[in-house]
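A.B. asks: Residues per chain are reported as follows:
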Amino acid sequence: MQPFEKMTGLVAPMDRANVDTDQIIPKQFLKRIERTGFGEFAFFDWRYLEDGAPNPQFVLNEERYQGASILVAGPNFGSGSSREHAPWALGEFGFKALIAPSFADIFTGNCFQNGMLPIVLTQDEVDTMMGKALQRTGYSATVDLEAQTVTDDGGWSASFEIDPFRKESLLKGLDEIGQTLKKEDLIAAFEATHPARW
Amino acid sequence: MPKTMFRKIWDSHVVEEPEGRPALLFIDLHLVHEVTSAQAFEGLRLAGRKVRRPDLTIATADHNVPTSDRHLPFADKIAKQQLDVLDKNTADFGIRLYDMNSPDQGIVHVIGPEQGYTQPGMTIVCGDSHTATHGAFGSLAFGIGTSEVEHVLASQCVVQARPKTMEIHVDGDLPAGTGPKDLMLHIISQMGVAGATGHAVEFTGPAIENMSMEGRMTVCNMTIEGGGRAGMIRPDDTTFAYVEGRRHVPKGADFDRAVEEWKLVASDDGAEFDTRIVINAEEIEPTVTWGTNPGQGVGITGSVPDPGDYEDPAQAENAARALEYMDLRPGTAIQDLKLDRVFIGSCTNGRLEDLRAAAAVAKGHRVADGVRAMVVPGSAAVKILAEKEGLDKIFKDANFEWREAGCSMCLGMNPDILSPGERCASTSNRNFEGRQGKGGRTHLVSPEMATAAAVAGHFVDIRDWEYRDQ
Chain A
1 MQPFEKMTGL VAPMDRANVD TDQIIPKQFL KRIERTGFGE FAFFDWRYLE
51 DGAPNPQFVL NEERYQGASI LVAGPNFGSG SSREHAPWAL GEFGFKALIA
101 PSFADIFTGN CFQNGMLPIV LTQDEVDTMM GKALQRTGYS ATVDLEAQTV
151 TDDGGWSASF EIDPFRKESL LKGLDEIGQT LKKEDLIAAF EATHPARW
Chain B
1001 MPKTMFRKIW DSHVVEEPEG RPALLFIDLH LVHEVTSAQA FEGLRLAGRK
1051 VRRPDLTIAT ADHNVPTSDR HLPFADKIAK QQLDVLDKNT ADFGIRLYDM
1101 NSPDQGIVHV IGPEQGYTQP GMTIVCGDSH TATHGAFGSL AFGIGTSEVE
1151 HVLASQCVVQ ARPKTMEIHV DGDLPAGTGP KDLMLHIISQ MGVAGATGHA
1201 VEFTGPAIEN MSMEGRMTVC NMTIEGGGRA GMIRPDDTTF AYVEGRRHVP
1251 KGADFDRAVE EWKLVASDDG AEFDTRIVIN AEEIEPTVTW GTNPGQGVGI
1301 TGSVPDPGDY EDPAQAENAA RALEYMDLRP GTAIQDLKLD RVFIGSCTNG
1351 RLEDLRAAAA VAKGHRVADG VRAMVVPGSA AVKILAEKEG LDKIFKDANF
1401 EWREAGCSMC LGMNPDILSP GERCASTSNR NFEGRQGKGG RTHLVSPEMA
1451 TAAAVAGHFV DIRDWEYRDQ
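Sequence order for the protein chains is A and B. Note that our numbering gives residue 27 to position 27 of the first sequence, counting from 1, and the numbers run on in steps of one. Plus 1000 on top of the position in the second sequence (first one is 1) and you've got our numbering.
Take these hints with a grain of salt, some might be off.
[As the list claims (entries may be wrong)] In silico DSS-like cross-links for lysine-lysine, where the CA-CA straight-line distance does not exceed 25 Å:
no., chain 1, residue 1, chain 2, residue 2
1, A, LYS183, B, LYS1251
2, A, LYS182, A, LYS167
3, B, LYS1008, B, LYS1263
4, B, LYS1251, B, LYS1363
5, A, LYS167, B, LYS1164
6, A, LYS182, B, LYS1050
7, B, LYS1088, B, LYS1077
8, B, LYS1077, A, LYS31
9, B, LYS1050, B, LYS1077
10, B, LYS1393, B, LYS1438
11, B, LYS1363, B, LYS1396
12, A, LYS172, A, LYS132
13, A, LYS183, B, LYS1008
14, B, LYS1396, B, LYS1338
15, A, LYS96, A, LYS167
16, B, LYS1438, A, LYS31
17, B, LYS1251, B, LYS1263
18, A, LYS31, B, LYS1080
19, B, LYS1003, B, LYS1164
20, B, LYS1388, B, LYS1363
21, B, LYS1263, B, LYS1003
22, A, LYS96, A, LYS6
23, B, LYS1438, B, LYS1338
24, A, LYS31, B, LYS1088
[To be verified] Derived coverage of chain A by chain B (criterion: at least 3 residues anywhere in the stretch with Cβ under 8 Å from a Cβ of chain B; other residues may be distant):
no., region
25, 27-41
26, 60-71
27, 74-82
28, 96-110
29, 138-146
Read the hints as simulated data drawn from the structure, not as lab findings. Note that this is a predicted model, so its numbers are computed, not measured. Even for Gly, the Cβ is constructed at its ideal location relative to N, Cα and C.
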């Protein structure tokens, strides 16, 4: 996994609650057997019209948000299906950090597995960033994982909490499976006292 | 100190839990299906890793399989490729597979319990959010992503931060005409779709204790729709009676010993939960969702809400958005909503008891003109048992389609989808935009309510249903 480095980027707003993973990547694209190729289908039903043309009403289609790498969204982002295709699609679309008042549990885990940082800020803080992203063209922010802060281009700043283990894994780009397999002795010892059920 | 059931199971599966860090948790059963596993197996190959415990890993094909004409060549080549890859991966890594043509095939959360893989006190994971279903047996079961699937394949362990605990206590009995599905739609409408986020939930109270195992599975299954990490119910005599005699359950004296151990799994008296919610079952009506998340539900005697009536502006906006997508006007009586399609099935309501309940409603009636209704058994075994009881005949006589087992129109990965604008009464678990087909409009209900709606052509109150015995 690529280490998560301090990053600065354009902020795109998605001002709605409960954006579920069926919206992030609809089911018709889950038949691929690779980890790549999902970005062009992210938010497909919202993003494209029936004839395949970009939907001008969809916020991420607006010219001023092209190239955004930070998404600020409403509460309970990533709810529903466990499909890891959702963070794969968001990552390929260009997002490296997501900011919301809350995220669904499985989605949060899936983000961390893919070097994507889900940042929980308070509703007020999210409202502040959402308002600026909606109002001002070119609104950008810097995410500093080491310092656990988000600072925007006007100097406004907020800090966030993160599990120290997840932080370390992201900063170092650790292979989590490799880390676990180093604990072979512990796992084997557990298995020895824990017979299978059948 | 008294312990919760969650904590007992957690503690007995911890390989390592360093202070302030997530635990390394051992997994007793890993369920695998075609949609979330291909990339995990590929990851193993690239890293030169093996599956550590093929004996604890079970695979089936459920999400994208067609539910009719299985003898014909696959129309969907990409879906076929995904199934072929599952065949190859399970063969290469020595994993038991119940493929599309196996008599034991079915929705992963239906076949686990059915075959006795799911037992009390276990840890169970699957690359699927509805893994919570298995918690009905007093096990700790939760959904994971594909990277974690790879992690479990390689190590039989998963790295997890310990969730908080929540008790949802259901007081009183469920009124006639309501069941587990109505209970869950009601609970989620009360606590919200993120109400249980970060929590392992234990359901308690007389309504739960009096519920069948299949009903309890519906309850735990829907926990994820309230944001819960896991749903759990203490194992009791109902549980033990259900599991006894199933293929992978211990037999004879071993079974008796297992039951004694399983009894110890229940939460201790006085165990404390981080959060507690009390629900009054008596006030629950047959429930129908009107919106685009499972928390947007209302009783059958109610009407479509007016976004202007919400105090919270965010909720008002959510409601307005949902009404626009669903093409509904505030104040419309739920019973006036006309339907194009009806879907009976899924890991939520595709078990034998669900089909029996639906068939009792359908018996002697006919699906209304202009409505297409399909029944999709949760597993091949459910289908066979239902046919032995003649349920298929009741459905077919009533003009319902009787199909092969799979996830089907719950998520529309196979050809079973809604067309844009179609309105559907569905026994599945999610009414998200486009879930059952782009532009499709889903209303979540119980199997009985879905069947009655198919016959009437619009939603009706199942409490007034004319059951026919002929």
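A.B. asks: Does each hint fit the structure? Answer for all of them.
C.D. replies: Going down the list of hints, with the structure as the test:
With a C-alpha separation of about 35 Å, the suggested pairing of LYS183 (chain A) with LYS1251 (chain B) is violated against the 25 Å cut-off. Proposed proximity of LYS182 (chain A) and LYS167 (chain A) is supported: the alpha carbons are some 20 Å apart, at most 25 Å. Distance restraint check for LYS1008 (chain B) and LYS1263 (chain B): the Cα-Cα separation of roughly 12 Å lies within the 25 Å cut-off, and the hinted pair is therefore satisfied. The straight-line distance between the Cα atoms of LYS1251 (chain B) and LYS1363 (chain B) is roughly 38 Å, outside the 25 Å bound, and the hint therefore fails.
Note on LYS167 (chain A) and LYS1164 (chain B): the hinted pairing holds, with a Cα-Cα distance of about 21 Å set against a maximum of 25 Å. Of the supplied pair hints, the one linking LYS182 (chain A) and LYS1050 (chain B) holds, its CA atoms being roughly 15 Å apart against a limit of 25 Å. Taking the CA atoms of LYS1088 (chain B) and LYS1077 (chain B), the gap is near 16 Å; set against the 25 Å cutoff, the hint holds. For the given pair, LYS1077 (chain B) sits about 10 Å from LYS31 (chain A) by alpha-carbon distance, which is consistent with the 25 Å threshold.
Proximity of LYS1050 (chain B) to LYS1077 (chain B) is assessed by CA-CA distance (about 29 Å); at most 25 Å being required, the pair is judged violated. For the hint pairing LYS1393 (chain B) with LYS1438 (chain B), the CA-to-CA distance comes to about 32 Å; that exceeds 25 Å, so the pair is violated. For a cut-off of 25 Å, the pair hint linking LYS1363 (chain B) to LYS1396 (chain B) stands: about 10 Å separates their Cα positions. This hinted pair does not check out: LYS172 (chain A) and LYS132 (chain A) have alpha carbons roughly 32 Å apart, beyond 25 Å.
As the CA atoms of LYS183 (chain A) and LYS1008 (chain B) are separated by approximately 23 Å, the hinted pair is consistent with the 25 Å bound. At most 25 Å may separate the alpha-carbon atoms for a hinted pair to count; LYS1396 (chain B) and LYS1338 (chain B) meet this at roughly 22 Å. At roughly 14 Å between alpha-carbon atoms, LYS96 (chain A) and LYS167 (chain A) fall within 25 Å of each other, so this suggested pair holds. The hinted pair formed by LYS1438 (chain B) and LYS31 (chain A) meets the criterion: a straight-line CA distance of about 17 Å does not exceed 25 Å.
Taken as a hint, the LYS1251 (chain B) and LYS1263 (chain B) pair is honoured in the structure, with Cα atoms around 17 Å apart against an allowance of 25 Å. Between LYS31 (chain A) and LYS1080 (chain B) the alpha-carbon distance is near 9 Å, which keeps this suggested pair within the 25 Å criterion. The straight-line distance between the Cα atoms of LYS1003 (chain B) and LYS1164 (chain B) is roughly 13 Å, inside the 25 Å bound, and the hint therefore holds. Between LYS1388 (chain B) and LYS1363 (chain B), the direct Cα distance comes to roughly 16 Å. Compliance with the 25 Å bound is thereby established for this hinted pair.
For the given pair, LYS1263 (chain B) sits about 14 Å from LYS1003 (chain B) by alpha-carbon distance, which is consistent with the 25 Å threshold. Proximity of LYS96 (chain A) to LYS6 (chain A) is assessed by CA-CA distance (about 10 Å); at most 25 Å being required, the pair is judged to hold. Distance restraint check for LYS1438 (chain B) and LYS1338 (chain B): the Cα-Cα separation of roughly 19 Å lies within the 25 Å cut-off, and the hinted pair is therefore satisfied. With a C-alpha separation of about 16 Å, the suggested pairing of LYS31 (chain A) with LYS1088 (chain B) holds against the 25 Å cut-off.
Counting residues of the region 27-41 of chain A whose CB falls under 8 Å from any CB of chain B gives 8; the rule of at least 3 is met. Note: the region 60-71 of chain A has 0 residues with beta-carbon separation from chain B under 8 Å; the three-residue rule is not met and the coverage is violated. Residues of the region 74-82 of chain A lying with their CB closer than 8 Å to a CB of chain B number 7, which satisfies the three-residue condition for coverage. Proximity of the region 96-110 of chain A to chain B, defined as three or more residues with a beta carbon under 8 Å from a beta carbon of that chain, is established by the 6 residues found.
With a threshold of 8 Å between beta carbons, the proposed coverage of the region 138-146 of chain A by chain B is violated, since 0 of its residues qualify and at least three are required.
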